Each structure stands twice: as structure tokens, then as C-alpha cells.
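Novice: Next come the chains, spelled out residue by residue.
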Amino acid sequence: DGGITQSPKYLFRKEGQNVTLSCEQNLNHDAMYWYRQDPGQGLRLIYYSQIVNDFQKGDIAEGYSVSREKKESFPLTVTSAQKNPTAFYLCASSSRAAGEKLFFGSGTQLSVL
Amino acid sequence: KNEVEQSPQNLTAQEGEFITINCSYSVGISALHWLQQHPGGGIVSLFMLSSGKKKHGRLIATINIQEKHSSLHITASHPRDSAVYICAVDADKLIFGTGTRLQVFP
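Residue numbers (the numbering used here), protein chains in the order written: chain E, 1 to 113; chain H, 1 to 106.
Hints are not guaranteed to be accurate.
[Claimed, not checked] Listed below are the simulated DSS-like cross-link pairs for lysine-lysine, each with C-alpha atoms no more than 30 Å apart in a straight line:
| id | chain 1 | residue 1 | chain 2 | residue 2 |
| --- | --- | --- | --- | --- |
| 1 | E | Lys70 | H | Lys93 |
| 2 | H | Lys54 | H | Lys68 |
| 3 | E | Lys101 | H | Lys53 |
| 4 | H | Lys93 | E | Lys83 |
| 5 | E | Lys70 | E | Lys14 |
| 6 | H | Lys68 | H | Lys93 |
| 7 | E | Lys70 | E | Lys57 |
| 8 | E | Lys70 | E | Lys9 |
| 9 | H | Lys55 | H | Lys68 |
| 10 | E | Lys83 | E | Lys9 |
| 11 | H | Lys93 | E | Lys71 |
| 12 | E | Lys9 | H | Lys53 |
| 13 | E | Lys57 | E | Lys83 |
| 14 | E | Lys101 | E | Lys9 |
| 15 | E | Lys71 | E | Lys57 |
| 16 | E | Lys57 | H | Lys55 |
| 17 | E | Lys57 | E | Lys9 |
| 18 | H | Lys54 | H | Lys93 |
| 19 | E | Lys70 | E | Lys101 |
| 20 | H | Lys53 | H | Lys93 |
| 21 | E | Lys101 | E | Lys57 |
| 22 | E | Lys9 | H | Lys93 |
| 23 | H | Lys55 | H | Lys93 |
| 24 | E | Lys14 | E | Lys83 |
| 25 | E | Lys14 | E | Lys57 |
| 26 | H | Lys53 | H | Lys68 |
| 27 | H | Lys68 | E | Lys101 |
| 28 | H | Lys54 | E | Lys101 |
| 29 | H | Lys68 | E | Lys57 |
| 30 | H | Lys93 | E | Lys101 |
| 31 | E | Lys71 | E | Lys101 |
| 32 | E | Lys9 | E | Lys71 |
[Unchecked claim] Here are some of the chain E residues that sit facing chain H, going by a computed Cβ distance under 10 Å:
| id | residue |
| --- | --- |
| 33 | Arg13 |
| 34 | Lys14 |
| 35 | Tyr33 |
| 36 | Gln41 |
| 37 | Gly42 |
| 38 | Leu43 |
| 39 | Tyr48 |
| 40 | Phe88 |
Hints are computed from structural coordinates only; laboratory data are not their basis. The structure displayed is predicted, hence computed values, not measured ones. Glycine included, each C-beta is placed from N, C-alpha and C at the ideal position.
For reference, chain H alone in the conformation it holds in the complex (with noise of 0.2 Å):
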């Protein structure tokens, strides 16, 4: 078992609907990044969270640290989030998850 996984593995949405993508982890972590991905191949840090909330525009990301979990949510979302959405967590090392890909559809 991964100790990064990650759901869904692939989404499909409509311009304007509501996404959530989860991070379940299974080791102790000092902090946990969510990434994102374009086609080109380039990655850019979303946000990098130890606690609570953080919101940054459209985009939402909570983590509860009992229950080693982590979500990232997309408020109306928009073609242009169409990438792969990636978790990774720091413990000594960063360990990543395989990613959600995401496709929204005008």
C-alpha cells in the first residue's frame, strides 16, 4: 500500500462545478503539499499546509492531522484548472502521490 494516496484517480467536470480531490497518508508528516501539474510537464506548489485551512483565490485546501488526511477543493471551476493535481507529504523526505487528473469541459 502506497503511504500516499490519493482519490480520485481521474475527474471530469463541468465549467463551474465544485471539485474536491483527497490525500489520505499513512506516516507522520511535518507538513503536506499540493501541487499542480500542466500538460508542458511543470510543476507549481499550490500550497503547503501543516494545519487547518488555507485558501488561495478558487482554490481551498484543509488538512486534518488526526485523521491524516488532506483535501483540495476547487470553487467554480474553469477549463483552465484542467492538470494533474498532486499530494506530497514531508516526513524526512517528501513522498509523493500518483496524482488526480483533472479535465473540465466548458
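Here chain E stands alone, though its shape is the one from the complex (with noise of 0.2 Å):
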């Protein structure tokens, strides 16, 4: 079955670490997404590739890296620079074709020590 598959549900933080939430999707998707929900606020976009190798900046971009490698795959770092990083984190894809719609991943809970 096709679908977008998160990894790990649930991380925690120490304080000055890097650490990484890996999306990966097999529906051949050229567009990937991450977002961040906070309680009570709407999903905030932090990045997003249209291509292989090619991304952008979303609203909220600072304290955060990603990498676009393979069609498949697009990892978020979130780095010491952030400085509130507690969050649920969701990744996504579309075709971005007419009709299309979200796909989205279970989510990552990340969580500071």
C-alpha cells in the first residue's frame, strides 16, 4: 500500500542536540512537506521541496535544516538553534496535479529532556 511513513513517533531533545525526523513516502510524489502543530494553533508550514535536490522555506523556517536527496525522502533536522522545538511534527506529500489531495504522515511527537 502506498502511503507516508514517519519516523520515530515519539523523540526527545536534549539540550544543544541536532536531532532528525525521517518522512519517506512511496507514492512518488514530487512535493514533500513539513509542518509543525502547536495546542490550539493551525499547522504551521516549516519547509517544503516541489523537486529532487530543490527546497524551500516555509513561514517558520529558523532553527530548522532539511535535505531532498531522493524523490522519496525528506528528512527535517531540528537544530540546537531551536529554541522551542516541543511539538508535533507532520510531514506530507501531493502530486500537486489538479484534483489531488494531501497525503499525510501519523506524525512525530518531539519532546525536550
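Using the hints, build the complex out of the two chains.
Specialist: Here it is, written out as C-alpha cells:
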């Protein structure tokens, strides 16, 4: 079955540590996205990528980095520069074709130790 | 003011009731999405629409482009419909509403 896989489901970060969240899709989608969800707020875009080896900053990119070396994979690194990393992170993909729905992973809850 | 506003923020219903969730937006869009987020956090896309009305099972989504408004209806609601329903508009980038938390009691 096609879909998006995020891992891990729960992640803990120590002070000054970088952590990487995994996102893999086998839907052959060109576009992939990372969102952050905080209680009581709408999803906010961190980074997105429309094609391999290219990505763009979203609304809240500071303290995060991404790579898109393969079409299937779009990992997100939460760096030590992100001072408030505790949140629920969601990866999504789409084909960007007309009428295509978004597909989301199951999310990663990141907490600070 | 948020570019995407949903109402109500919270909604409780008895099993079998007809549910309506509203979404208003203030930007030009190419499409609008209705999403469902269950307590575990995963999000499922329910509808993507750019005009008119779509139906899937007990769910109906409508959009009025001129009025910049969309509604999601659930007929014969069931406790398994309990979730957060999120409206998102495609305006060069996706802009999300804050969601409507629905609880359906038996």
C-alpha cells in the first residue's frame, strides 16, 4: 500500500542536541512538506520541496534544516538553534496535480528533556 | 485576523445528529481541503474541492467561491466521527485553520 511513513513516533531532545525526523513516501509524489503543530494553532509550514535537490523555507524555518536527495525521502533536522522545539511534527506529500489530495504521515511528537 | 477561520471551535453532539462545520477564508484560493485528525495525531484528507459539492458516505463538503465559505456536513453522526476537523486553503501555499474539535456521544 502506498503512503507516508514518519519515524520515530516519539522523540526526546537534550539541550544543545540536533535530532532528525524521518519522512519517507512511496506515492511517487514530487512535493513534500514539513509542518509543525502546536496546541490551539493551525499547522505551520517549516520547509517544503517541489522537486529533488531543491527545497524552500516556509513560515517558520529558523532552527530547522532539510534535505531532498531522493524523491522518496525528506528528513527534517531540528537543530540546537530551535529554542522551542517541543511540538507535533507532520510530514505531507502531494502530486500537486489538479484534484489531488494531500497525504500525511502519522506524525512525530518531539519533546525536550 | 487569521486568513482561515473555522467555527465552531468545539462541538458536541448526540449520536445520529446532523453536524455542520464552517470554514471562511479571506484570500484567493485554487482549492480547499477538509482534513480529519484523530487523537493519535495522524491526518487523513477527506475532500479537496474547488467548486460545488462533494459527497463521500455520510460526509458532504460544499464550497461557495464568491462568498469564500465552505461547510463540512456529517449526516447521522457516530462516536467514531469524533476527531478534529481542519480546513486548509491552497493559496500558493497551504493555510490551515485551527480546527474544530467534534465529540459525538452515544
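Novice: With reference to the structure, classify each hint as holding or not holding.
Specialist: So, going through the hints one by one against the coordinates:
1. Lys70/E <-> Lys93/H: 22 Å, holds
2. Lys54/H <-> Lys68/H: 17 Å, holds
3. Lys101/E <-> Lys53/H: At roughly 16 Å apart (the allowed maximum being 30 Å), Lys53/H and Lys101/E satisfy the hint.
4. Lys93/H <-> Lys83/E: Holds, because 26 Å separates the two Cα atoms, which is no more than 30 Å.
5. Lys70/E <-> Lys14/E: 29 Å, holds
6. Lys68/H <-> Lys93/H: 17 Å, holds
7. Lys70/E <-> Lys57/E: The given pair, whose Cα atoms are some 18 Å apart, holds under the 30 Å limit.
8. Lys70/E <-> Lys9/E: Given pair Lys70/E, Lys9/E holds - Cα atoms ~22 Å apart, limit 30 Å.
9. Lys55/H <-> Lys68/H: 20 Å, holds
10. Lys83/E <-> Lys9/E: This hinted pair holds, its Cα atoms lying about 21 Å apart.
11. Lys93/H <-> Lys71/E: Answer holds: Lys93/H to Lys71/E is near 20 Å, not above 30 Å.
12. Lys9/E <-> Lys53/H: 36 Å, violated
13. Lys57/E <-> Lys83/E: 18 Å, holds
14. Lys101/E <-> Lys9/E: 23 Å, holds
15. Lys71/E <-> Lys57/E: Holds - the C-alpha atoms of Lys57/E and Lys71/E are around 18 Å apart, at most 30 Å.
16. Lys57/E <-> Lys55/H: Answer violated: Lys57/E to Lys55/H is near 35 Å, above 30 Å.
17. Lys57/E <-> Lys9/E: Given pair Lys57/E, Lys9/E holds - Cα atoms ~24 Å apart, limit 30 Å.
18. Lys54/H <-> Lys93/H: Within the cut-off at roughly 23 Å; holds.
19. Lys70/E <-> Lys101/E: The given pair, whose Cα atoms are some 22 Å apart, holds under the 30 Å limit.
20. Lys53/H <-> Lys93/H: 23 Å, holds
21. Lys101/E <-> Lys57/E: 22 Å, holds
22. Lys9/E <-> Lys93/H: 26 Å, holds
23. Lys55/H <-> Lys93/H: 25 Å, holds
24. Lys14/E <-> Lys83/E: 11 Å, holds
25. Lys14/E <-> Lys57/E: 25 Å, holds
26. Lys53/H <-> Lys68/H: Status holds; Cα separation ~14 Å.
27. Lys68/H <-> Lys101/E: 20 Å, holds
28. Lys54/H <-> Lys101/E: 13 Å, holds
29. Lys68/H <-> Lys57/E: 28 Å, holds
30. Lys93/H <-> Lys101/E: 14 Å, holds
31. Lys71/E <-> Lys101/E: 18 Å, holds
32. Lys9/E <-> Lys71/E: 22 Å, holds
33. Arg13: 18 Å, violated
34. Lys14: 23 Å, violated
35. Tyr33: Holds: closest Cβ of chain H sits about 8 Å from Tyr33/E, inside 10 Å.
36. Gln41: 6 Å, holds
37. Gly42: 4 Å, holds
38. Leu43: 4 Å, holds
39. Tyr48: 8 Å, holds
40. Phe88: With a closest approach of 6 Å, the Phe88/E hint holds.
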